[in-house]
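J.: Let the hints inform the model, and build the full structure from the sequences given.
First to last, the sequence lines map onto chains F and Y.
Following our numbering, the numbering of the first sequence begins with 774 at its first residue and continues without gaps.
Following our numbering, the numbering of the second sequence begins with 436 at its first residue and continues without gaps.
None of these hints come from the bench; they were simulated from the model.
Where is the CB? At the ideal position from N, CA and C, for every residue including glycine.
Accuracy of the hints is not assured; some may be wrong.
[Claimed, not checked] Among the chain Y residues that face chain F by a calculated CB cut under 7 Å, a handful are:
| no. | residue |
| --- | --- |
| 1 | Ser487 |
| 2 | Gly498 |
| 3 | Thr499 |
| 4 | Phe586 |
| 5 | Phe590 |
| 6 | Ala728 |
| 7 | Tyr736 |
| 8 | Ala740 |
| 9 | Ala755 |
[To be verified] Simulated restraints on C-beta separations:
| no. | chain 1 | residue 1 | chain 2 | residue 2 | range |
| --- | --- | --- | --- | --- | --- |
| 10 | F | Ile1062 | Y | Leu554 | 41 to 49 Å |
| 11 | Y | Ile750 | F | Gly1190 | 38 to 46 Å |
| 12 | F | Ala938 | Y | Asp579 | 13 to 21 Å |
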Amino acid sequence: MDSQVSNPAFWSRMQFGFTITYHYLFPQLTMGLAWFLVYWKWLALRTGDEEYHRAVRFWAKVFGLNFAVGVVTGIPMEFQFGTNWAGFSRYAGGVIGQTLAMEGMFAFFLESAFVGALIWGEKRLGPRVHFLAAVAVALGSWLSGYFILVTNAFMQHPAGYRVEADGSLGIASVGSYLLNPWAWVQFAHNQMGALVTGSFVVAALGAFYALRGIHPVQARLYLRAGTFTALIASVLVAFPTGDQQAKMIGRHQPVTLAAMEGRFTGGPMAGVAMIGQPNVAARRLDNPIEIPGALSFLAYGTFQSYVHGLEEYSEDVWPDNIELLYYAFHLMITLGTAFIVLMAFATVQNWRGRLESTPWLLWLLMLAFPFPYIANTLGWMTAELGRQPWLIYGLFRTRDGYSEVVSNGDVVFTLIGFTGLYFVLGLLFLFLVGREIGRGPDVEVIARRGEERVP
Amino acid sequence: MIALWYSIVSFMLIAYVMLDGRNFGAGMLHWLVARTPAERRQVVAAIGPLWSWHEVWLVGFGGTLVAVFPRLMASAFAGYYLALFLILWCLILRGVSLEVGGHIDDRLWQGFWDFVFVLANFLLAILFGAAAGNVARGVPLDADGRFSMAFFTDFRATGHVGLLDWYTVSIATFAVVLLAAHGATYLTLKTEGPVHDRSDACARILWAVAGPLFLAISIESWVVRPELPGQAIGNPLCWLGLLGVAVSIYLLISGLAARREARAFAGSNLLLGGLLATGGAAIFPVMLHSTLAADHSLTAYAVAASPSALLLAAIWWPVALALAVAYFVFISRRYAGKVSVARDTQGLY
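T.: Pasting the structure below:
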């Protein structure tokens, strides 16, 4: 640990890891919730049913708070490429800068231009334009996700680049860069993960109101839409998207796959460890319970396929935190499986018309909403810890990417600053969202000082 | 190509200053022009629905900068490390105060967030002003094109300079006055009643103060960078920028005099744009001047991405800008006219 504390890249990694993890708590809900707003607004337009309007108005408030925190915590992310990762920007800015700029110019402009209209503008816009604003925000948020994932996919599996005369990277083929197969798979997997978060949150609030016996019509609306979407999204997260993601890792990052599964020796008929503790010092997986052959089959298609072990590679290309990587991956899988079981059961109960009369299930649904956040975070930890020790896989090491002119003290200072600021931000967010939830979707909104009554 | 990209990046920054500058200005004057809670909500409503749309231009600028001038981004952002994080934190606080303040109809709650709002906007105007001063003055770049700067050293504008010295402080002061005047002009356009009248009075005073200050910082700039006026005279773009400034002064004065608020605000925007464009054109091709040795300076040619990257960006960027302009037209039309607190406050309280 001593060597880590004095390692300049370490603190910048801590800061980036902390700020990106915190930031991504918000966009995942934005990207999931956006389609619920579109869906309900569309139903409202078609049926004219006031309940759908209420649902949109209520969730738009939650969405607005969530979006605002996403914006303010997102801006530091882009700037940290320059402030903390100047070495990386010098080396790869000519490539990744393209998608960072596209994200700003194509996606953020679209999103932020219409989010004000979506949240603040129902009275100024009229129903049709208001619906279009919801669509624009949803598209913008997914588009920005795509550009960021292209950037990340380049770091995971560089494609479409060339080395310029000065040694830095430039784009050779924009098609292979933007349509990097890794980006497609990761995008599909990640967006389904966001939809899981969004639908769990919607279902949880439905369960909360149902258990308290208030806002019954709205509660039913949220429970139905939430549990069904959650089931579809939870299945899609595992198969085909998660499955394809694992195959992609097996093909392009075999060391990472070995570390994710705690496999030190290679061989055919490789099993998937259900349980077990990687022991890096002794180079083995302690106390494993394995499904034999499953890893060979899942990663490469046959039970006889050879799966590489860590010992086949030099230690300087091993991910530098194998234990954390292993547990993050396994915990994500466990949670993902639990999501499918829970939501499948909830959907069945819903079809039988018993969802709202099964209190223990409502309790589970209400308490389940933090876990998709955890699963999404664990997924990203798997992706990013698995990429180590590379900043750009196979090309550029993390230890070469930090800003040489910035001292450790400066980075520790700003990291502490972010911790404090984000703590306050989190309290505010929870307080205000809690307040909106407490007031609920059915309140007659009374404009200030009773000047105007708005139904 | 590189000159073109230099202009595009400058344009993004100028657009950001025009758009978010009005929010900084309105924010700084928040307490002065709005006395009662209801009046303060009026100021917030004039900014509220649009602040993230304005702030995103900074993100667009940052992204474009990485794409076409990656080495400048790497040198400058790492060198300005702490100052940049202060800006980021102030932007966070500013956004939060806007979003959060209106959620609860309580004097203490709103008073607190109004305070955060005013403070963050003041700091942002000062920090951005000081940043502009640093670009004009230069930073202590070494032979590798890297630098790291203290907040202040000996307050002299040569050699191992800090973020703040007599020159950058005076530019920051000018920025505060200029942006406050811009914000006041915007509020005059967007509000009614007492807020409108006070904003109007503020705008007149602030523009009157900005004039002599501008003269002062022009002379100071000439002292700090004696070679710049010569460079500027030979550059037709500088003359274009100055022409913009001249037109804007006419628009501004005639607009204020005739109480034609839209005209005055157009003049105010054009003035900001003209000043920044003149400055940007005068320093070209140097993007970051070295106060240690002139040949350590980073020129646009030295920090640009490869020609293929520039060409690629030149293909998609105009499309993105066209879309952004379309959104801009949409928003401007939807939010044209005076704000109404009842209509523009989300119905949150």
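J.: Please go over all the hints and tell whether each is borne out by the structure.
T.: Going through the hints against the structure:
A least Cβ separation of about 4 Å between Ser487 (chain Y) and chain F falls short of the 7 Å threshold, and the interface hint therefore holds. With its C-beta approaching chain F no nearer than about 4 Å, Gly498 (chain Y) sits inside the 7 Å limit, and its interface hint holds. Taking 7 Å as the C-beta cut-off, the interface hint given for Thr499 (chain Y) holds, the closest approach to chain F being about 5 Å. With 7 Å as the threshold, the beta carbon of Phe586 (chain Y) stays out of range of chain F, its nearest partner Cβ sitting at about 12 Å, so the hint is violated.
The criterion of a C-beta within 7 Å of any C-beta in chain F is not met by Phe590 (chain Y), whose closest approach is roughly 22 Å, and the hint is violated. At a threshold of 7 Å, the smallest CB-CB gap from Ala728 (chain Y) to chain F is about 17 Å, leaving the interface hint violated. Taking 7 Å as the C-beta contact cut-off toward chain F, the hint placing Tyr736 (chain Y) at the interface is violated, the least distance being around 13 Å. For Ala740 (chain Y), the suggested interface contact is upheld, since its CB lies about 4 Å from the closest CB of chain F, less than 7 Å.
Below 7 Å, beta-carbon pairs count as interface contacts, and Ala755 (chain Y) has one with chain F at about 4 Å; its hint therefore holds. Distance hint for Ile1062 (chain F) and Leu554 (chain Y): a CB-CB separation of about 58 Å, inconsistent with the stated range 41 to 49 Å. Checked against the hint of 38 to 46 Å, the pair Ile750 (chain Y) and Gly1190 (chain F) passes, with Cβ atoms roughly 40 Å apart. Under the hint 13 to 21 Å, the C-beta atoms of Ala938 (chain F) and Asp579 (chain Y), about 18 Å apart, fit the expected range.
Violated hints, listed in ascending order, are 4, 5, 6, 7 and 10; each of the other numbered hints is respected by the structure.
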